[in-house]
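S.K.: Listed here are the chains, written in short residue letters.
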Amino acid sequence: MVLVPVSTVSTRNHPTDSWRIQRPTIQYDKCIRCMICWKYCPDNAIEIENGDESAPNERIAKMEYPVINYSFCKGCGICANECPEKCIDMEFEVIE
Amino acid sequence: MKSVTEFKTIMTGNDAVAYGAKLARVKFISAYPITPQTTIVEKLASMIANDELDAKYVEVESEHSALAAVFASELTGVRSYTATSSHGLLYMHEMLHWVSGQRLPIVMSVVNRAIGPPWNIWADQSDTINQRDTGWMQVYSESNQEAMDTIIMGYKIAENSEVMLPLMSMEDAFILSHTSEPVTLRDQDLINDYLPDLDLKFRIDIGNPMGYGSYDTPDGTFMELKKDMVDSMNKAVRVIKDETEKFNQMFDTNYGGLVERYRMDDADYALIAMGTVASTARFVVDKLREKGLNIGLIRIRYFRPFPYDDILEDLKNIKAAGVIDRSVSFGYAGATYSEIVSALYGKINIPVSSFIVGIGGRDVRVEDIEKIADTVRNESSGVYWINVKKVI
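Chains as they are written, first to last, in our numbering: chain A, 18 to 113; chain E, 57 to 448.
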């Protein structure tokens, strides 16, 4: 038999957070829950959660909201670039 | 579906390899046309259109995409085929590594053609010699019959569970690809006995998703995967000999394993050649034998894996050898010469010369090979370009 590069280990077991230089942060009080960031994330590193209280108003608070999974976000900044409300900030990671 | 029974006819090398792919029951073909390969895939496309071949043909926009498509189809466990030449092969370079690295036993025909600039469509093996380090096995045929049979043997060897490496099968441009010769089409039922269906153990299964060639680290298994390819290439030497012998018995052929010897038993001097140049060299060997010179010919069929042990055995009683290359390796001698010399180093110390012939399709004539034999007989060692004009 031969050795074949086939992996049965899920990529969930291989975090890629150490690749990140800049860290995106969503300002939930400005976010309108359009989910454009979720659509554009090339690494599926934005997940969807149920309603959140820190929303700009009551109507939006009932809507699903995006949450960045920092174990897999590589900090490419596509979400921040695409956000129509400009409410995703990119800041350099600080190693403490 | 019409079945082919054994039948002798006359056809070009390109038609012969198309029939080879048909006999091997390929189920998926993707290719991009390039002279002098075009008529192979034209023939296969017309076979599919005429319901003579049950396969899917996918047109693509480049050779890189052609091999990528074949990579994907083979990974689903479907026997797949493509063909190219020259610049098309160079454009596939990245995918050549993906196919071999993923251990996909794909067979590809390559019609050896010169690499530009300047543009030139004629016979020259520099294109495939350029790809010798990509993990593909390489076979160079001398006749249309051999080109056809090599596709069938190629799948059998590549799909062996100890090998699992892709194979490229070569024809010299026009000399084989567009020249008609007698060819015996094999009986489909016998071929089916020789070559069973592909059973790819690690094929894509949507019920059991896995990651293919995804990601590895310095302390993972990357280095082991590469070494395993080298080990398999070495194991292929035995498999090639066994499978060629099985084919010879079933179809009454006489193919050498990795090399083919001609009048070597009592030879003092040896010529070593690859591809159609060997036909001319064989004629010269007969001519010089009549004049009393004990000379023989070794035709290299497999360049990868390279027949180091065969060469060592064949040259042990030889006084001097000449290696004829129809390719350019910039910076040193011919590629085959380098391999031969490294096979002999430290074991047999005889003069070996490198002869570069037929670049860009320049005719390789009987008198050229006679000149080479003369130089070999003088037991010289050096690098010689044959039949080169004075331009400056």
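No wet-lab data here; the hints were simulated from the structure.
Hints should not be assumed to be uniformly reliable.
In silico negatives: residues of chain E with every beta carbon more than 12 Å from chain A [to be verified]:
| # | residue |
| --- | --- |
| 1 | S102 |
| 2 | V219 |
| 3 | N264 |
| 4 | G269 |
Restraint-style ranges between C-beta atoms, simulated for each label pair [as the list claims (entries may be wrong)]:
| # | chain 1 | residue 1 | chain 2 | residue 2 | range |
| --- | --- | --- | --- | --- | --- |
| 5 | A | I112 | E | V439 | 49 to 59 Å |
| 6 | A | E66 | E | N248 | 26 to 36 Å |
| 7 | A | D60 | E | I104 | 32 to 42 Å |
| 8 | E | D245 | A | W36 | 28 to 38 Å |
| 9 | A | N86 | E | N264 | 51 to 61 Å |
| 10 | E | N248 | A | Y87 | 55 to 65 Å |
| 11 | A | T28 | E | I104 | 35 to 45 Å |
| 12 | E | S270 | A | M52 | 24 to 34 Å |
| 13 | A | M107 | E | K283 | 40 to 50 Å |
| 14 | A | T33 | E | P407 | 34 to 44 Å |
| 15 | A | I112 | E | S270 | 24 to 34 Å |
| 16 | A | I112 | E | Y401 | 47 to 57 Å |
Glycine residues also receive a C-beta, built at the ideal position from the N, C-alpha and C atoms.
S.K.: It remains to establish, for every hint, whether it holds in the given structure.
M.R.: Do the hints match the structure? See the list:
no.	hint	result
1	S102	holds (36 Å)
2	V219	violated (8 Å)
3	N264	violated (9 Å)
4	G269	violated (5 Å)
5	A:I112 to E:V439: 49 to 59 Å	holds (57 Å)
6	A:E66 to E:N248: 26 to 36 Å	violated (58 Å)
7	A:D60 to E:I104: 32 to 42 Å	holds (40 Å)
8	E:D245 to A:W36: 28 to 38 Å	violated (56 Å)
9	A:N86 to E:N264: 51 to 61 Å	violated (25 Å)
10	E:N248 to A:Y87: 55 to 65 Å	holds (56 Å)
11	A:T28 to E:I104: 35 to 45 Å	holds (38 Å)
12	E:S270 to A:M52: 24 to 34 Å	holds (28 Å)
13	A:M107 to E:K283: 40 to 50 Å	holds (42 Å)
14	A:T33 to E:P407: 34 to 44 Å	violated (58 Å)
15	A:I112 to E:S270: 24 to 34 Å	holds (28 Å)
16	A:I112 to E:Y401: 47 to 57 Å	holds (53 Å)
Hint compliance for this structure: hints 2, 3, 4, 6, 8, 9 and 14 are not met, and every other hint is.
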